[in-house]
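A.B. asks: Generate coordinates for the entire structure from the input sequences, incorporating the hints supplied.
Protein sequence lines, in the order shown, are assigned to chains A and B.
Numbering follows numbering that gives the first Met the number 0, with no gaps: position 146 of the first sequence is 145.
Numbering follows numbering that gives the first Met the number 0, with no gaps: position 181 of the second sequence is 180.
Since the hints were derived computationally from the structure, they do not count as laboratory data.
Since this is a predicted model, take the numbers as computed values, not measurements.
There could be a bad hint or two in this list.
[Unchecked claim] Restricting the straight-line Cα-Cα distance to at most 30 angstroms, the calculated cross-link-like pairs of lysine-lysine (BS3-like) are:
1. 207(B) with 218(B)
2. 206(B) with 35(A)
3. 76(B) with 116(A)
4. 144(B) with 23(A)
5. 72(B) with 185(B)
6. 206(B) with 23(A)
7. 192(B) with 117(A)
8. 159(B) with 116(A)
9. 16(A) with 159(B)
10. 185(B) with 289(A)
11. 144(B) with 16(A)
12. 136(B) with 46(A)
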Amino acid sequence: MSLKIRKNIPLIDQHDKNFMYGGKFGGNFIPETLKKPIDDLTKLFEKLRRDKKFLKDRDNYFNNFVGAPTPFIKLENLSDHLGGAQIYAKVVSEANGGAHKIYNATVHCLIAKKAGKKYVVGDTGAGYAGKMLSMAAKKFSLKCKIFMGAKDIKRQRPNVEAMRKNGAEIVPVTTGSQTLVDAVSECMRYWVSNCDTTHMCVGSTVGPNIFIKICAWSTAQISRELIKQVKEEFGKIPEKLKLINCVGGGSSAAGFWNEFMDTNAQFIGVEAGGPRNSKLHAAPLTNGSKIGILHGAAQYVIQDSEGQIGSTESISAGLDYPGISPLHCFLKDTKRARYTSASDEEALKAYQLVSKLENISPSLEPSHAFAEAIKLAPKLSSSEIIIVNSCGDSLKDKDIIKQKLGSYVR
Amino acid sequence: MKSKISEAFNNCKKENRPALITYTVAGDDTKNNSLKILNTISKHADILELGFAHNTPIADGGQIQGSSYRALKNGIKLKDVFQIVKSFKKKYPNKPIILMGYFNLIYQVGENNFLNNCKSSGVDGLIIVDLPYPENKNFANKCKKKSINFIQLLSPTTSKDRMEKIIKDSHDMIYYISMLSTTGGKLKVSPKKILQNYNKIKRLNPKKNLVIGFGITNKTIKSLKSADGLVVGSMLCKTITNSLKMRQNPVTKLDKVVYNLKKQII
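C.D. replies: Encoded structure:
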């Protein structure tokens with residue numbers, strides 16, 4: 000039986016009674032202790048998302064704290080340089096804090112307040128999820144603790160400094176590969192021990208089902224803005240439209256595509272291919288990984304034949320994750336989205352080219368998406384439109400870029 | 000026919016004491032040593048839990064993570080775990096063994112395949128940390144058909160309504176998690192409070208064997224001895240860690256530690 004996406008139903012709600020998408024992705028593979036907190040949170044969120052006052056609050060914070068809408072711009076120079084498709088960018092990095100993670104963080108803090116929790120904890124890879132959670136926590140007067148891999152703390156210094164400034168406690172995670180995957184595990188373990196007083200924010204569309212839902216529901220703001228901007232620019236949704244987004248956990252892509260689900264727009268997700276010739280990629284969808292269970296959800300995940308989770312390597316800390324959102328597994332198997340990968344080198348080149356030609360300077364995560372746009376555009380006619388989600392700013396990657404390219408230009 | 004797990008509890012009840020249940024990780028610190036450890040501590044312990052290591056555990060504290068890491072580093076595979084059980088059972092066919100771990104390893108090898116291996120090597124029960132009720136119904140039934148105990152977990156966050164359903168679906172043993180914690184946390188609830196909760200659950204169905212785990216050490220075990228069974232895990236993993244650091248033999252060290260634990264509850 001082939002999987003199908005149902006029309007007019009939000010993607011996050013297309014699961015069965017066991018919270019599985021397409022009968023095989025997602026679910027709640029969690030310890031008994033977390034059953035009740037997750038159940039409570041599920042009920043609270045279902046109530047809040049139908050509550051007009053809560054939605055008004057959310058929109059208020061999105062408009063005045065996050066800064067909605069973020070710009071939608073044409074990349075004239077890049078389009079001319081490549082010849083072919085017209086390339087646009089949704090500059091989500093203009094949101095307060097510099098990335099899409101602010102939407103999820105803000106909503107989580109609003110929910111934590113409603114739940115009467117005083118503490119909020121979260122994981123982070125590139126440091127954006129942590130930085131935004133610390134910003135939102137400060138705004139809402141919540142105490143904040145961030146779990147971050149020791150390797151990531153070293154390579155994402157600017158975001159670490161920002162978190163400290165916001166008063167968050169950063170807990171270095173030294174187990175395993177010392178990256179995002181271990182930070183998420185450690186954060187969940189902390190929540191198991193403190194779920195009575197503490198609200199947990201999972202930084203992407205991964206983890207037990209409710210966290211996938213809250214995150215994708217929050218980042219959907221990106222496409223709510225974009226669909227309006229697109230209609231204003233073109234008078235309608237263009238016939239031939241490609242929406243290109245990087246995917247690690249998959250939160251920005253889920254939000255970038257959400258409102259276009261029932262349109263003809265093509266979705267292309269770009270995973271982290273890792274260093275050229277490396278086998279330690281972070282691209283479970285592109286490279287045909289098997290379904291497994293990671294952080295409470297069934298998904299395509301990099302693992303060995305026994306089920307031990309595999310290590311990954313990527314220049315981009317935000318994409319350096321062995322799993323992928325069950326939502327994207329579902330989009331892949333229903334063929335609604337297409338997934339490919341870009342190598343570290345391709346991402347660096349894309350960062351360089353875009354930063355040189357345009358007024359924006361994408362971080363290494365969206366540079367993966369730009370790499371695909373740069374590959375595709377020359378092969379397409381000028382009537383075709385490509386929009387790239389520029390969901391992060393290169394400033395946080397200054398150190399890595401300097402080390403790899405010798406200099407940093409923004 | 001009664002399960003070996005039931006028999007173990009009955010024997011302890013006759014002696015008017017709780018069952019001592021140990022947890023060690025298969026392959027910690029080597030395949031051979033972990034088998035030797037089982038052989039040695041089975042003199043004192045009534046039921047043996049054996050962990051099959053996973054590298055992304057979401058409910059284990061530092062000590063058990065350390066043991067799992069050592070086992071995986073030494074190349075432990077699922078087939079080795081079954082081999083260890085088989086060798087142990089050859090010597091001690093009546094001592095119950097419970098495998099404990101995360102669902103992904105079962106998912107990858109296939110539920111039926113996994114259970115067949117359990118059966119042929121002599122596994123008596125299973126604890127799957129991340130397969131809660133009611134998602135575990137199907138798998139628990141498969142276990143029952145093979146006469147393998149599927150051990151349900153209850154925690155301080157489990158509602159009474161849910162407890163009743165879980166207990167109704169349980170087999171010969173139920174595991175009560177003493178507090179909100181990963182394994183090996185410091186006991187942050189008083190033993191008195193834990194026993195209060197314990198007795199509440201026990202009243203729902205007095206016939207079920209209900210054991211307490213998480214945070215139990217030589218310092219706390221005595222105060223909880225009115226339970227049907229007590230699980231000690233992280234303390235044993237820590238003993239292995241420490242004896243390796245001091246270049247001592249973990250097998251003889253564990254023998255002493257488990258002997259002393261037993262002494263406190265008889």
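A.B. asks: Decide, hint by hint, whether the structure agrees.
C.D. replies: Hints, one by one, checked against the model:
no.: 1; hint: 207(B) with 218(B); verdict: 27 angstroms, holds
no.: 2; hint: 206(B) with 35(A); verdict: 26 angstroms, holds
no.: 3; hint: 76(B) with 116(A); verdict: 42 angstroms, violated
no.: 4; hint: 144(B) with 23(A); verdict: 25 angstroms, holds
no.: 5; hint: 72(B) with 185(B); verdict: 27 angstroms, holds
no.: 6; hint: 206(B) with 23(A); verdict: 37 angstroms, violated
no.: 7; hint: 192(B) with 117(A); verdict: 25 angstroms, holds
no.: 8; hint: 159(B) with 116(A); verdict: 23 angstroms, holds
no.: 9; hint: 16(A) with 159(B); verdict: 22 angstroms, holds
no.: 10; hint: 185(B) with 289(A); verdict: 38 angstroms, violated
no.: 11; hint: 144(B) with 16(A); verdict: 26 angstroms, holds
no.: 12; hint: 136(B) with 46(A); verdict: 29 angstroms, holds
In this structure, the earlier hints numbered 3, 6 and 10 are contradicted, and the remaining ones agree with it.
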